[in-house]
Amino acid sequence: MLVMKSYRKELWFNTNTRRAFVNITHQVESCIHESGIKEGMILINAMHITASVFINDDESGLHHDFEVWLEKIAPEKPYSQYHHNGGEDNADAHLKRQVMGREAVVAITDGKLDLGPWEQIFYGEFDGKRNKRVLVKIIGE
Amino acid sequence: MLVMKSYRKELWFNTNTRRAFVNITHQVESCIHESGIKEGMILINAMHITASVFINDDESGLHHDFEVWLEKIAPEKPYSQYHHNGGEDNADAHLKRQVMGREAVVAITDGKLDLGPWEQIFYGEFDGKRNKRVLVKIIGE
Amino acid sequence: MLVMKSYRKELWFNTNTRRAFVNITHQVESCIHESGIKEGMILINAMHITASVFINDDESGLHHDFEVWLEKIAPEKPYSQYHHNGGEDNADAHLKRQVMGREAVVAITDGKLDLGPWEQIFYGEFDGKRNKRVLVKIIGE
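If you read the sequences in order, they're chains H, G and S. This note's numbering puts the first residue of the first sequence at 69, with every later residue one more than the last. This note's numbering puts the first residue of the second sequence at 69, with every later residue one more than the last. This note's numbering puts the first residue of the third sequence at 69, with every later residue one more than the last.
Extracted from the complex, chain H is given alone in its bound form (with noise of 0.2 Å):
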């Protein structure tokens, strides 16, 4: 028998570059520890709207590999062909973002992160120089 508890916290960010892949797995680890519970849920998202939380392999060729990709299908440039730049230049950004996803819902089991073996958590920045947040909440036991 298991009575619910839940944990909330903001990760903050201010990426170098326009667009960057952040290995973010230790911090979320991080709260699970801070938060005790042993067994649960926790949604791990982007407070921001032209920025992803997503799963993949930290690997340096392949996150060449996704610029390279979300470039051909959501180019950045020229910024005119996008509606949304009449004041804004980040259009292609909030494409990249749905194709990246917002969230990662990931299962707590025995006080960890229940993951794959290569299965590790990022942030995907599609619009930085600037700080941004990333939500954590559990819920659980």
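No lab work stands behind these hints, which were simulated from the structure alone. Take the hints with a grain of salt, since some may be wrong.
Intra- or inter-copy, both count: the list cannot distinguish identical chains.
Think about it this way: if two alpha-carbon atoms lie no more than 25 Å apart in a straight line, the pair counts; the simulated SDA-like pairs of lysine to any residue are [stated by the list, open to error]: (1) Lys-145 / Thr-85; (2) Lys-145 / Asp-126; (3) Lys-197 / Asn-84; (4) Lys-197 / Gln-95; (5) Lys-197 / Pro-185; (6) Lys-77 / Gly-184; (7) Lys-200 / Gly-184; (8) Lys-180 / Glu-78; (9) Lys-197 / Asp-182; (10) Lys-106 / Pro-146.
Starting from the known structure of chain H, fit chains G and S onto it as the hints suggest.
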């Protein structure tokens, strides 16, 4: 110490056009209010496989950009390009929905949707002009 | 008043082909039955980063369309187009998995998957011919 509660509701839509983006944030907030749940998670998912629930910006220029972009990467016509279109004409809608996603999971904190400043929840219709549903499920306390 | 329970199971797959879509809806239903959980949420996620869990239609024409479409937007060959393919040949599988998604979260109501009429749960394999896993985690009551 929290004890778990749950809540379920269906939201109905019937758009005038084949494709549409409908801001459902207020309807989802009403569900949370009705549920009385203060801490937990809310799942909002399309119950149809040619529609999406996703989170992005409520800006008409961007919605135009989504429409143009989705038509570029998964065009509606010619219908004959898709095997699914033997007796149907909506294969493109199944593809578009994969790009935009089926569901959003959002944290509930202090009885409210725990969203970033520009996050709004949308129903994305890709094969409309008929009654279709979104499921809202909340678990928490 | 509900008190939280949790359940965990791994499902194993080994497809004959590099790419495949496997309907796992019945296996997921069996997990819910086994768990005894009547109200809650179920997370079903690929534990590998070259595979997906997604919800769409169980229609062979559509699955053919997915295969053709994913090859168009993230082609397998030439392998040399991807930096990840130094010692690997599966960069395309990492990209395809981002389009199709890692996980599905589904409501459980009255002890059943709370799905729309045509929603079916699939394991999407993009780099198969070996043992790979899907995680099923349920929390609820």
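Taking the hints in turn, this is what the structure says about them:
no., hint, verdict
1, Lys-145 / Thr-85, "within (16 Å within a copy, 30 Å between copies)"
2, Lys-145 / Asp-126, "between (27 Å within a copy, 22 Å between copies)"
3, Lys-197 / Asn-84, "within (5 Å within a copy, 41 Å between copies)"
4, Lys-197 / Gln-95, "within (20 Å within a copy, 34 Å between copies)"
5, Lys-197 / Pro-185, "between (32 Å within a copy, 18 Å between copies)"
6, Lys-77 / Gly-184, "both (24 Å within a copy, 13 Å between copies)"
7, Lys-200 / Gly-184, "between (28 Å within a copy, 10 Å between copies)"
8, Lys-180 / Glu-78, "both (19 Å within a copy, 16 Å between copies)"
9, Lys-197 / Asp-182, "between (32 Å within a copy, 24 Å between copies)"
10, Lys-106 / Pro-146, "neither (49 Å within a copy, 45 Å between copies)"
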